[in-house]
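Spelled out, the chains give:
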Amino acid sequence: MKKKMPLTLYLILKSPLTLFGAVLVILLILMAIFAPLIAPYNPNRISLREKLAPPSLKHPFGTDEVGRDLLSRVIYGSRISLQVGIVVVLLAGIPGILIGAFSGYYGGQFDNIIMRLMDIVMAFPPLVLALSIAAALGPSLVNSMMAVAFIMIPKFSRLVRGETLSLKEKPFVLATRAQGGKPLYIIFRHIIPNSLSSVIVLASLVMGDAILVAASLSFIGLGAQPPTPEWGALVSVGRKYILDQWWYATFPGLFIFLAVMGFNLFGDGLRDILDPKIRGR
Amino acid sequence: MRIAKYIGIRLLYIIPVMLGVTILVFLISHTIPGDPASLIAGPKASKATIERIRHDLGLDKPIYVQYMIYLRGLLKGDFGKSIRTGIDVATDLKKYFPATLELTFFSMLFAIGAGIPLGIISAIKRNRWPDHISRTFSIFGVSMPVFWLGLLLLLVFYSKLKILPGSGRLDTILSPPTHITGMYTIDALLTGNWPVFISALTHLILPAFCLGYVYLAIITRITRSSMLEVLNKEYIETARANGIPEKSIILKHALKNALIPVVTIIGISFGELMGGAILTETIFSFPGVGKYVVESINYLDFPAIMGFTVVVTFIYVFMNLLVDVIYAFLDPQIRY
Numbered sequence: 001m002k003k004k005m006p007l008t009l010y011l012i013l014k015s016p017l018t019l020f021g022a023v024l025v026i027l028l029i030l031m032a033i034f035a036p037l038i039a040p041y042n043p044n045r046i047s048l049r050e051k052l053a054p055p056s057l058k059h060p061f062g063t064d065e066v067g068r069d070l071l072s073r074v075i076y077g078s079r080i081s082l083q084v085g086i087v088v089v090l091l092a093g094i095p096g097i098l099i100g101a102f103s104g105y106y107g108g109q110f111d112n113i114i115m116r117l118m119d120i121v122m123a124f125p126p127l128v129l130a131l132s133i134a135a136a137l138g139p140s141l142v143n144s145m146m147a148v149a150f151i152m153i154p155k156f157s158r159l160v161r162g163e164t165l166s167l168k169e170k171p172f173v174l175a176t177r178a179q180g181g182k183p184l185y186i187i188f189r190h191i192i193p194n195s196l197s198s199v200i201v202l203a204s205l206v207m208g209d210a211i212l213v214a215a216s217l218s219f220i221g222l223g224a225q226p227p228t229p230e231w232g233a234l235v236s237v238g239r240k241y242i243l244d245q246w247w248y249a250t251f252p253g254l255f256i257f258l259a260v261m262g263f264n265l266f267g268d269g270l271r272d273i274l275d276p277k278i279r280g281r
Numbered sequence: 282m283r284i285a286k287y288i289g290i291r292l293l294y295i296i297p298v299m300l301g302v303t304i305l306v307f308l309i310s311h312t313i314p315g316d317p318a319s320l321i322a323g324p325k326a327s328k329a330t331i332e333r334i335r336h337d338l339g340l341d342k343p344i345y346v347q348y349m350i351y352l353r354g355l356l357k358g359d360f361g362k363s364i365r366t367g368i369d370v371a372t373d374l375k376k377y378f379p380a381t382l383e384l385t386f387f388s389m390l391f392a393i394g395a396g397i398p399l400g401i402i403s404a405i406k407r408n409r410w411p412d413h414i415s416r417t418f419s420i421f422g423v424s425m426p427v428f429w430l431g432l433l434l435l436l437v438f439y440s441k442l443k444i445l446p447g448s449g450r451l452d453t454i455l456s457p458p459t460h461i462t463g464m465y466t467i468d469a470l471l472t473g474n475w476p477v478f479i480s481a482l483t484h485l486i487l488p489a490f491c492l493g494y495v496y497l498a499i500i501t502r503i504t505r506s507s508m509l510e511v512l513n514k515e516y517i518e519t520a521r522a523n524g525i526p527e528k529s530i531i532l533k534h535a536l537k538n539a540l541i542p543v544v545t546i547i548g549i550s551f552g553e554l555m556g557g558a559i560l561t562e563t564i565f566s567f568p569g570v571g572k573y574v575v576e577s578i579n580y581l582d583f584p585a586i587m588g589f590t591v592v593v594t595f596i597y598v599f600m601n602l603l604v605d606v607i608y609a610f611l612d613p614q615i616r617y
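Protein chains in written order, with my numbering: chain V, 1 to 281; chain F, 282 to 617.
No wet-lab data here; the hints were simulated from the structure.
A few of these clues could be false.
[Unchecked claim] Calculated pairs, DSSO-like style, for lysine-lysine (alpha carbon to alpha carbon, straight line, at most 30 Å):
no., chain 1, residue 1, chain 2, residue 2
1, F, Lys443, V, Lys240
2, F, Lys357, F, Lys375
3, F, Lys357, F, Lys286
4, F, Lys357, F, Lys325
5, F, Lys286, F, Lys533
6, F, Lys286, F, Lys406
7, V, Lys14, F, Lys362
8, F, Lys362, F, Lys328
9, F, Lys514, V, Lys14
10, F, Lys514, F, Lys406
11, F, Lys514, F, Lys533
12, F, Lys514, F, Lys537
13, V, Lys182, V, Lys170
14, F, Lys357, V, Lys240
15, F, Lys357, F, Lys376
16, F, Lys441, V, Lys51
17, F, Lys441, V, Lys58
18, F, Lys362, F, Lys376
19, V, Lys240, F, Lys441
20, F, Lys342, F, Lys357
21, F, Lys362, F, Lys342
22, V, Lys170, V, Lys51
23, V, Lys51, F, Lys443
24, F, Lys362, F, Lys375
[Stated by the list, open to error] A few chain F residues facing chain V, derived, Cβ under 7 Å:
no., residue
25, Thr303
26, Ile309
27, Thr312
28, Trp429
29, Leu436
30, Tyr516
31, Thr519
32, Ala522
33, Pro526
34, Gly556
35, Val575
36, Ile578
37, Thr590
38, Val593
39, Val598
Just so it is clear, CB atoms sit at the ideal spot from N, CA and C, and this is done for glycine as well.
Model the full assembly from the supplied sequences, consistent with the hints where possible.
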């Protein structure tokens, strides 16, 4: 892994789309970290005199129905979206990786049952399952993250299971087993670390997906609730004003689009780079 | 008749998946915080009323008995009563389904009809400008929030340019065609009602484009990479060496084989389409099941939400079954 890094970095720099994705992701992270420094106003500052003002030098993205600065709200919104992405990847990734590794390693009936359970989760259209879970848990940002994480678990477990199936026949694993290595040791010392490069690719793609699905849930009223400056929630409120105050829904939506595209391009590019068979296509 | 056997096995395999789906939906609807009985009874109900409703709903029985009752209801097409509208969820779904079906049909038509040619052009003109345009178009598509795209389309084509209608299924001055299928374009065609046909069709353009765009992007991508893979195969080289015209190589030899993964992705991504329909119908006030479920969410109308979830998931599962069957015909190597 260590030796591979400079080559991976070199290939990222050589692929314009991957680089573009990486730049978008880095900008998103910087925006989230430095939100208080970049945002021109307090995102919750109400100024009724300036309500629904069009974009201007003073308010580049315009203002909302109570005169809050939309640029500042969009900047602070990046914190929520990034948080959604990270939390979902952790909540789905950790159980997903463990399920996949154990299921693949032990095989047999256990594996069969686990994989059929995953099939059931995957039988649902993703947004539809997330919607019904989020509705049952009650509308809130935390609940929507749990709902999105739940639908993402099979992605990780199926990937890691596949990796495990091929890894467990590799000489170094067989050798460890012959020396009396316990299954737990083999799974945590060999199988999971060696699956990580594919997991990282998937994690990037899931980040994008998670941000998109969570924003969709907020849009239909099941995620973050207004006045939280979550991008999906902003578009949802801005929708009422779309015909006359176009800026309200347009800018937050643009940022959802850019963030999701960043993770997608980066993840796709990374996959091509890490999989030499399809490199350069 | 090995295909028949294969289809039979696939059909059998669906049964446990469907059962699993109903169990999961049942469990989800039982995690509702708060008591459905008091939710239905309303805030002013007495304790006795709530107890009676609880008994009527069978909520006092053990959970597996409740599930059996629920499953028996499902098999008879009984999804319970909607809390919001007070009528059977099944009746509501039946009423709104044709609109969604019509919308998804046109979206698929657009996505497949444009996506496959775009993917082919992209592969043939690889790394030249048609490829770059088509790839950018599809990269945008897979990252696009459907609800945002819908709003932008409304803003541009309905509000600014004023060339397309932005809500509903028909002009308000027209009355719906005689009910045959419930799909306005088809019913209007069958009854020869041209004004309604044209109005219904124009009302479908923006929503179908909005919903189909993501799907189009996915199909374009897969067609491109699958074509590229096939075009590198030896039999294509052989065909070229034999002097077969390039057009015929691409359309006859390459495309048929390249379409196999495309068919799979059409099935898998159908789930995206069903999810997208929820958002698209909301944006365009298109009265289908997607808009129905979003309205139900505002009332925490669980029978309606769960009924929708089960029906849509069953459709998705059947769609994938259909795709597997087509797959079996396309690829003679796939056999159980």
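Here's how the hints hold up against the structure:
At roughly 18 Å between alpha-carbon atoms, Lys443 of chain F and Lys240 of chain V fall within 30 Å of each other, so this suggested pair holds. A C-alpha spacing of about 14 Å is found between Lys357 of chain F and Lys375 of chain F, which places the hinted pair at or below 30 Å, so the restraint holds. At roughly 29 Å between alpha-carbon atoms, Lys357 of chain F and Lys286 of chain F fall within 30 Å of each other, so this suggested pair holds. For a cut-off of 30 Å, the pair hint linking Lys357 of chain F to Lys325 of chain F is broken: about 33 Å separates their Cα positions.
A distance of roughly 29 Å separates the Cα atoms of Lys286 of chain F and Lys533 of chain F; the hinted pair therefore holds under the 30 Å criterion. Our distance criterion of 30 Å between C-alpha atoms is broken by Lys286 of chain F and Lys406 of chain F, whose separation comes to about 41 Å. Between Lys14 of chain V and Lys362 of chain F, the direct Cα distance comes to roughly 59 Å. Violation of the 30 Å bound is thereby established for this hinted pair. Only pairs whose Cα atoms come within 30 Å are accepted, and Lys362 of chain F paired with Lys328 of chain F is accepted, the gap being roughly 22 Å.
For the given pair, Lys514 of chain F sits about 27 Å from Lys14 of chain V by alpha-carbon distance, which is consistent with the 30 Å threshold. For the given pair, Lys514 of chain F sits about 17 Å from Lys406 of chain F by alpha-carbon distance, which is consistent with the 30 Å threshold. At most 30 Å may separate the alpha-carbon atoms for a hinted pair to count; Lys514 of chain F and Lys533 of chain F meet this at roughly 14 Å. Only pairs whose Cα atoms come within 30 Å are accepted, and Lys514 of chain F paired with Lys537 of chain F is accepted, the gap being roughly 13 Å.
Pair hint Lys182 of chain V plus Lys170 of chain V holds up; C-alpha atoms about 16 Å apart against a cutoff of 30 Å. Between Lys357 of chain F and Lys240 of chain V the CA atoms are separated by roughly 40 Å; this puts the pair beyond 30 Å, and the hint is violated. For the hint linking Lys357 of chain F to Lys376 of chain F, the alpha-carbon distance of about 18 Å falls within 30 Å, and the restraint holds. With a CA separation close to 23 Å, the supplied pair Lys441 of chain F and Lys51 of chain V stays within the 30 Å bound.
Distance check on the hinted pair: Lys441 of chain F and Lys58 of chain V sit about 26 Å apart at the alpha-carbon level, within 30 Å; holds. Taking the CA atoms of Lys362 of chain F and Lys376 of chain F, the gap is about 14 Å. The hint holds against a cut of 30 Å. Of the pairs offered as hints, the one joining Lys240 of chain V and Lys441 of chain F holds, with about 16 Å between alpha carbons and a cut-off of 30 Å not exceeded. Of the pairs offered as hints, the one joining Lys342 of chain F and Lys357 of chain F holds, with about 21 Å between alpha carbons and a cut-off of 30 Å not exceeded.
For the given pair, Lys362 of chain F sits about 19 Å from Lys342 of chain F by alpha-carbon distance, which is consistent with the 30 Å threshold. Note on Lys170 of chain V and Lys51 of chain V: the hinted pairing is violated, with a Cα-Cα distance of about 65 Å set against a maximum of 30 Å. At most 30 Å may separate the alpha-carbon atoms for a hinted pair to count; Lys51 of chain V and Lys443 of chain F meet this at roughly 27 Å. Restraint check for Lys362 of chain F and Lys375 of chain F: the C-alpha separation of about 14 Å stays at or below 30 Å, so the hint holds.
At a threshold of 7 Å, the smallest CB-CB gap from Thr303 of chain F to chain V is about 10 Å, leaving the interface hint violated. Taking 7 Å as the C-beta contact cut-off toward chain V, the hint placing Ile309 of chain F at the interface holds, the least distance being around 5 Å. Checking Thr312 of chain F against chain V: minimum C-beta separation of about 5 Å stays under 7 Å; hint holds. A distance limit of 7 Å between C-beta atoms decides the matter here; for Trp429 of chain F the minimum to chain V is near 3 Å, and the interface restraint holds.
Taken as an interface hint, Leu436 of chain F checks out: its beta carbon lies about 5 Å from the nearest beta carbon of chain V, inside 7 Å. Contact between Tyr516 of chain F and chain V, as hinted, is not supported at the beta carbon level, the nearest pair being about 20 Å apart and thus beyond 7 Å. Checking Thr519 of chain F against chain V: minimum C-beta separation of about 22 Å lies over 7 Å; hint violated. This hint is violated: Ala522 of chain F has a C-beta 24 Å from the nearest C-beta of chain V, more than the 7 Å allowed.
With its C-beta approaching chain V no nearer than about 26 Å, Pro526 of chain F sits outside the 7 Å limit, and its interface hint is violated. Interface restraint check: Gly556 of chain F against chain V, minimum CB-CB distance 3 Å, threshold 7 Å, status holds. The beta carbon of Val575 of chain F is positioned within 7 Å of a beta carbon in chain V (closest approach about 5 Å), and the interface hint is therefore held. For Ile578 of chain F, the suggested interface contact is upheld, since its CB lies about 6 Å from the closest CB of chain V, less than 7 Å.
Evaluation of the Thr590 of chain F hint against chain V yields a held restraint, the C-beta minimum of about 4 Å falling below 7 Å. With 7 Å as the threshold, the beta carbon of Val593 of chain F comes within range of chain V, its nearest partner Cβ sitting at about 5 Å, so the hint holds. Because the smallest distance between the Cβ of Val598 of chain F and any Cβ of chain V comes to about 5 Å, under 7 Å, the interface hint for this residue holds.
Checked against the numbered hints listed earlier, the structure breaks hints 4, 6, 7, 14, 22, 25, 30, 31, 32, 33; every other hint is satisfied.
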